[in-house]
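> The primary structure of each chain is shown beneath.
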Amino acid sequence: MLTITPSTARQWSRIGSRGMYGQAILDLAEQKEDLVVLSADLANSSGLDRFRKAHPEKFLNVGIAEQNLIGVASGIAKEGFTVFASSFAPFISMRASEQVRMNLGYMNLNVKAVGIGSGLVMGFLGNSHFGIEDVAVMRAIPGMTVVCPADCGEIVKVVHAAAEFKGPMYIRLTGGPNCPVVYTEDYEFTIGKAIELRTGSNVAIIANGSMVAPSIAAAAKLEEQNISAGVFNFHTVKPLDLEKLNEIVSSYDVLFVVEEHSVIGGLGSAVSEYVSSLENPKRVVIHGHPDVFGHTGEYDFLLNRYGLTAEGIENKIVSIF
Amino acid sequence: MEVNVVAKALDRYGVEQMALSMRRRILEMSLRCEGPTHLGGGLSLVEIMAVLYGSIMNIRPDEPRWENRDRFILSKGHGVLALYTALAEVGLISEEEFRTFKENDSNLISHPVMNLDLGIESSNGSLGQGLSMAVGLAWAARKKNMSHSIYVVMGDGECNEGSVWEAAMSAAQFKLGNLVAVVDNNNFQSDGASDEIISASDLSSKWKSFGWIVHDVDGHDVEKLTAVLGAVDSIDRPTCVVAHTTKGKGIDFMENNNEWHHNRLTQAMYEKALASLEGK
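Chains A and B, in that order, give the protein sequences. Under the working numbering, read the first sequence as residues 1 to 321, first letter to last. Under the working numbering, read the second sequence as residues 1 to 280, first letter to last.
Read the hints as simulated data drawn from the structure, not as lab findings. Do not rely on the hints blindly, as some may be mistaken.
Claimed, not checked - Think about it this way: if two alpha-carbon atoms lie no more than 30 Å apart in a straight line, the pair counts; the simulated DSS-like pairs of lysine-lysine are:
#1 A:LYS32 / B:LYS143
#2 B:LYS280 / B:LYS224
#3 B:LYS224 / B:LYS208
#4 A:LYS53 / B:LYS175
#5 A:LYS166 / B:LYS143
#6 A:LYS316 / A:LYS238
#7 B:LYS143 / A:LYS53
Model the full assembly from the supplied sequences, consistent with the hints where possible.
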């Protein structure tokens with residue numbers, strides 16, 4: 001089984017999230033006899049090339065047909081197999097969203113739907129390929145678990161945990177090659193349990209996916225300006241870790257939620273929905289992609305434009321205090 | 001080695017009697033629920049369902065989750081009148097359960113809700129999704145070296161949905177000889193005659209061109225349906241039975257009258273309908 005070490009973390013970071021998904025699946029195939037992995041003509045883009053050559057009997061390509069991808073995956077899952085199906089985030093979460101709703105939601109079938117290239121990483125491919133609403137869509141479907149891993153090491157953790165988890169799940173992969181490393185050694189990962197990465201007292205930065213690493217960097221910079229920031233990896237958007245959130249609300253003045261997703265419907269919304277119901281709520285600030293289809297460019301250019309960087313997070317938090 | 005036993009190995013007469021009983025039940029349940037039901041597209045399906053449940057499918061009503069059972073999916077989910085009545089006829093749905101149709105909180109509503117103990121394999125209602133699941137079920141059966149078949153019933157109007165054709169392509173590609181689709185070709189859909197919306201007049205050649213073995217058959221002729229559905233033994237090609245049916249079949253004032261796509265049966269109409277059914 002793949003293990004997180006300083007060395008593997010470095011190697012995996014170079015591969016990026018999509019390649020890492022494929023590696024994690026390849027790793028899983030050695031242990032899971034009943035694994036079936038589906039793609040809608042994006043096996044290579046999902047990092048599944050090695051897997052499908054090594055385990056052709058466990059791989060099924062339905063062609064460019066995401067609605068069918070989810071239906072077929074669901075039929076196979078219904079017969080007891082461990083099923084992963086991937087496509088680019090908007091295609092699997094929106095083109096096939098009603099199939100997800102009927103099969104994974106309504107019928108609660110045990111399919112892991114994987115949205116690759118979510119957020120803005122598709123860069124010049126443009127808004128057609130971006131995943132800025134996928135969490136909102138998937139989170140709204142009853143029964144769905146929604147997970148967004150923080151780095152390549154956490155992708156390995158999520159894929160293995162998902163294979164053992166009974167129930168439908170959306171796994172959202174953000175970030176590209178050379179993505180920042182959050183974890184350099186093994187750690188305990190549990191679906192639904194948020195992880196405190198840094199303790200502070202003024203502001204709790206609540207992040208997931210690609211935004212965890214810049215949040216850690218921003219917290220260090222904020223320290224220099226006498227703002228004490230805690231950082232929390234809320235890899236699971238649904239079900240939200242309410243226990244951890246209660247601790248945060250009782251310990252911090254401001255909850256600053258940062259995500260590579262629209263400010264509508266994502267982790268920030270999930271946190272707000274809960275915190276606003278409390279008798280003594282705290283201020284929640286959502287820092288994400290604005291509610292627009294903007295002009296596109298390189299991934300880094302876009303992250304900078306929307307302040308989805310360590311500096312952008314730092315500046316926004318400074319402006320609050 | 002499991003010996004497959006058809007739940008009700010009915011002969012032609014038996015299936016025809018089952019179909020008659022199903023139509024009586026359809027009228028009763030439509031009257032009892034005091035609200036609209038999908039009568040037209042339920043009545044067109046009756047012989048198809050009676051043949052499948054009366055003489056073709058391997059199921060065990062006393063063991064509904066039997067692993068080797070044939071799987072059935074009603075992709076045209078609004079056809080439940082023909083599904084629930086067939087399940088009641090074979091004993092998968094008890095008479096007590098059957099009478100709960102469209103009561104608040106019932107397991108039996110206007111579209112199927114997955115309930116393996118009642119023989120309801122999947123939740124449907126959103127058209128164009130059942131065939132994809134059936135492809136998955138058929139692929140999984142092959143993968144597990146199991147010999148059961150997968151039956152899916154669709155509407156001709158449902159074939160407007162693009163996802164049907166995504167699934168059709170994949171079934172042929174995956175060589176799913178254990179998959180049988182029946183299209184209830186009644187030539188009507190919600191808004192009227194299919195010819196005036198999206199024509200369903202040439203479905204056979206479409207399915208053929210998608211790589212399926214296709215049989216055109218009178219969808220109310222029990223003998224012909226049985227012959228076609230009972231002889232599916234392809235190793236590597238899925239089968240599509242285009243069943244030419246009459247919407248509202250069996251009730252003279254409902255036949256080919258799309259007002260009965262989804263309508264309420266009053267007591268007076270019920271009595272008229274029953275008289276029509278009994279040939280009085």
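> All hints, please: hold or fail.
Here is how each hint holds up against the structure:
| no. | hint | result |
| --- | --- | --- |
| 1 | A:LYS32 / B:LYS143 | holds, 15 Å |
| 2 | B:LYS280 / B:LYS224 | holds, 27 Å |
| 3 | B:LYS224 / B:LYS208 | holds, 20 Å |
| 4 | A:LYS53 / B:LYS175 | holds, 21 Å |
| 5 | A:LYS166 / B:LYS143 | holds, 21 Å |
| 6 | A:LYS316 / A:LYS238 | holds, 26 Å |
| 7 | B:LYS143 / A:LYS53 | holds, 18 Å |
Hint compliance for this structure: every hint is met.
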